[in-house]
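Spelled out, the chains give:
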Amino acid sequence: MPESEFDKQVQQELEGLKLRPSTAVWENVEKELRRKKRRRYIVFFWLLAGLGLLGYTGYLLTQKGKPTLAESSGKPADHSGKTVQQPAAPSTQSDIIPSIPSTIKPADSSSPADQATPLNETPSAAATQPGTSADREGLNGRKSTALVPAGKNKGKRKTDKTGSPVARSGHQQKTSTQGIQEPESRKETESKPVDMAGQNPPVVPAQDSVKAKTDSAVAAVPPPAETKAPAAKKQSSSKIKWSLDLGVGGSGPIGSPFLIGESDNTRLAYDQTGGMIASPGSPLVTPPVVNYGPVYFPRSDIKPGPAFRIGVLGEWAISKRSSIVSGLQYQYQSTNIRTGSYRNTALIFNNYASQPVSVTSSYQAGLQKTFTNRFHYLQIPLSFQWQVGKGNKLPVLLSAGMSAGYLLATNALIYDSLQGGIYYHDKNAFNRFQLSFNTGLAFRFGNSKTFQWSIGPEASMGLRSQVKEEYDRKQYPLYLGIRARLYLPKKNH
Amino acid sequence: MATEQMEQQKLVRDCLKGKPQAQRQLYELYADTMLGVCYRYTRSMRDAEDVLQEGFVKVFHHLNQYKQEGELGAWIRRIMVNTALNFLKRHRKYQEEMYFTEEYLHPVSQEDPAVRLHAKELADLVRQLPQGYQVIFNLHAVEGFSHVEIGEMLGISDGTSRSQYARARNLLITWLKKYSTDHKKSSYAGK
Chain Y
1 MPESEFDKQV
11 QQELEGLKLR
21 PSTAVWENVE
31 KELRRKKRRR
41 YIVFFWLLAG
51 LGLLGYTGYL
61 LTQKGKPTLA
71 ESSGKPADHS
81 GKTVQQPAAP
91 STQSDIIPSI
101 PSTIKPADSS
111 SPADQATPLN
121 ETPSAAATQP
131 GTSADREGLN
141 GRKSTALVPA
151 GKNKGKRKTD
161 KTGSPVARSG
171 HQQKTSTQGI
181 QEPESRKETE
191 SKPVDMAGQN
201 PPVVPAQDSV
211 KAKTDSAVAA
221 VPPPAETKAP
231 AAKKQSSSKI
241 KWSLDLGVGG
251 SGPIGSPFLI
261 GESDNTRLAY
271 DQTGGMIASP
281 GSPLVTPPVV
291 NYGPVYFPRS
301 DIKPGPAFRI
311 GVLGEWAISK
321 RSSIVSGLQY
331 QYQSTNIRTG
341 SYRNTALIFN
351 NYASQPVSVT
361 SSYQAGLQKT
371 FTNRFHYLQI
381 PLSFQWQVGK
391 GNKLPVLLSA
401 GMSAGYLLAT
411 NALIYDSLQG
421 GIYYHDKNAF
431 NRFQLSFNTG
441 LAFRFGNSKT
451 FQWSIGPEAS
461 MGLRSQVKEE
471 YDRKQYPLYL
481 GIRARLYLPK
491 KNH
Chain X
1 MATEQMEQQK
11 LVRDCLKGKP
21 QAQRQLYELY
31 ADTMLGVCYR
41 YTRSMRDAED
51 VLQEGFVKVF
61 HHLNQYKQEG
71 ELGAWIRRIM
81 VNTALNFLKR
91 HRKYQEEMYF
101 TEEYLHPVSQ
111 EDPAVRLHAK
121 ELADLVRQLP
131 QGYQVIFNLH
141 AVEGFSHVEI
151 GEMLGISDGT
161 SRSQYARARN
171 LLITWLKKYS
181 TDHKKSSYAG
191 K
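Read top to bottom, the protein sequences are chains Y and X. Numbering of the first sequence is given in the numbering used here, commencing with residue 1 and proceeding in unit increments. Numbering of the second sequence is given in the numbering used here, commencing with residue 1 and proceeding in unit increments.
The shape of chain Y in the complex, shown without the other chains (with noise of 0.2 Å):
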């Protein structure tokens, strides 16, 4: 037999065989066609949820914060001297100090020292005038307040157990009575110069109150150390694919996660002044500032600030394109706000919720310099990871999951309305435990080659406050970057 006749023949009479599938090839055929067009709605509800969460997560980073109450005033900061118009000008600088409320004492009355600030310190003008400082005294609103030296703290704490904004209120109104029948108190602070608007007592030095510095208020005193925590390793195994994880990009706090704008309900009452500022002649009962007293040093604006994730991630690949990724992570996060100048110096008083607190040093609340609040966080994510179409040239992958997270340290500051608004690093104010929502979105590179690589934006949201609500108004964390992950080549058995 010839071969091209052979060819010719073989030719003929294959390409016209014919057999008819099974009815279960087109039901199959039908039923895929519909799944890939069902998919097809999920990857694009997929791209639109991560674009639209990575958007809103880079507008609320990026966004400048709100307004201090100065600048909602449309007032510089009270303590600029700008905003208060005084009666009459202070023919020393005793009359721009306002006076000591009787039931908030120094340690060491007898020491004149202790309430020793210095002229720049003081809030100017503010609260100055003599008929209303018995009205501001009033409106510190703490059951309690007593500054002690650090070390013996404990044993003197003044706590008034009632609880109540009712029992608040009276107590307002008998700490009012007690500063107005309290002149003397107010001639002996105006001999000298004291700290803050004079609404709360002045600071004790923590070690020898009686020789304190009168610079203490300015004396520049290093931030505390940071605390580095571990990052995480992992052994890798044949089966798991794993990866070494890496994330650069920034991270800031909202007041309200998954709503724009922040709700009033996330603010603490003394930040719904409404540029309510203390100013002589002007009585402040409106309420709330009436519950907290007012604020000359209103709270700074949260800034993003770097923040970056190291960890080890092993893939379980549950079908072609889906894997469930998870983990150990080590998370850094910070924020930048401004402050005023360090007090080495002991605090113990009730927060607005009469949460006892104890502070051994804080910052005065202002603009001067910029202070950089700190997260450690260790996390174990969860999430999973699907491709995007069959492609294995350069495979898109979607990623969703949730994120426990521990923090294991932090120097973050809290604010309150003490002594006109302060900072102080308490570690109990934080809520220890985060659980996040994270999504990105990565390019998966040599994904034919041993060594694999990916590359993508992702996002993260904290579902839980990293302050806890009875110290400080609610902040969820959140960040933005770019995570690069590189897959740890396979071993050949």
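Derived from the structure by calculation, the hints contain no laboratory data. Where hints are given, some of them may not hold.
[Unchecked claim] Simulated restraints, written as ranges between beta carbons of each label pair:
1. X:E7 with Y:I318: 28 to 38 Å
2. Y:F45 with X:G18: 18 to 28 Å
3. Y:Y406 with X:K19: 53 to 63 Å
4. X:E149 with Y:Y59: 47 to 57 Å
5. X:Y179 with Y:F443: 47 to 57 Å
6. Y:K390 with X:G18: 12 to 22 Å
7. Y:I318 with X:Y179: 47 to 57 Å
8. Y:K320 with X:P20: 20 to 30 Å
9. Y:F44 with X:Y179: 52 to 62 Å
10. Y:F443 with X:E149: 30 to 40 Å
Just so you know, even glycine gets a beta-carbon here, dropped at the ideal spot from N, CA and C.
Chain Y is fixed; fit chain X onto it per the hints.
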């Protein structure tokens, strides 16, 4: 002819619009022929149907890429061949799966039983060739690909394709001769 082409174009347009009836019509039009193609590349009817199913999903998914210049059947056939090759690549243990069950077969018609039987038996013989031989023989002898093209498709040299084809061809001729002899013997015995 022109009417057929217009009908085919309309069918494609309707399929692109996602009309289920048109999709079903297209499937019915080509399913039998394409199963014949898939059958030659696989060793079981079940696998052939799997390839057919996967191939048709691809056809509907990529139908927008079909430029209505060439014949639609040829375009679909190319997709089926590629799907079959991918299927064989994915199933590396396929070579050990030598089962061959006649009960899965569904011959289309008995219009010309002699030719049909011949084609089917020839196809069965081709399917009994070693896997590499089978694929190369199908690609060259039936689909008409050159050895250079086959080399590119399978990632082998064109020389390897040539030699494999020559061996497959010789083996098939031997089997055909043997089959022919056995058939004649049985025919005479029957007489």
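Tell me the numbers of any earlier hints that the structure contravenes, in ascending order.
1
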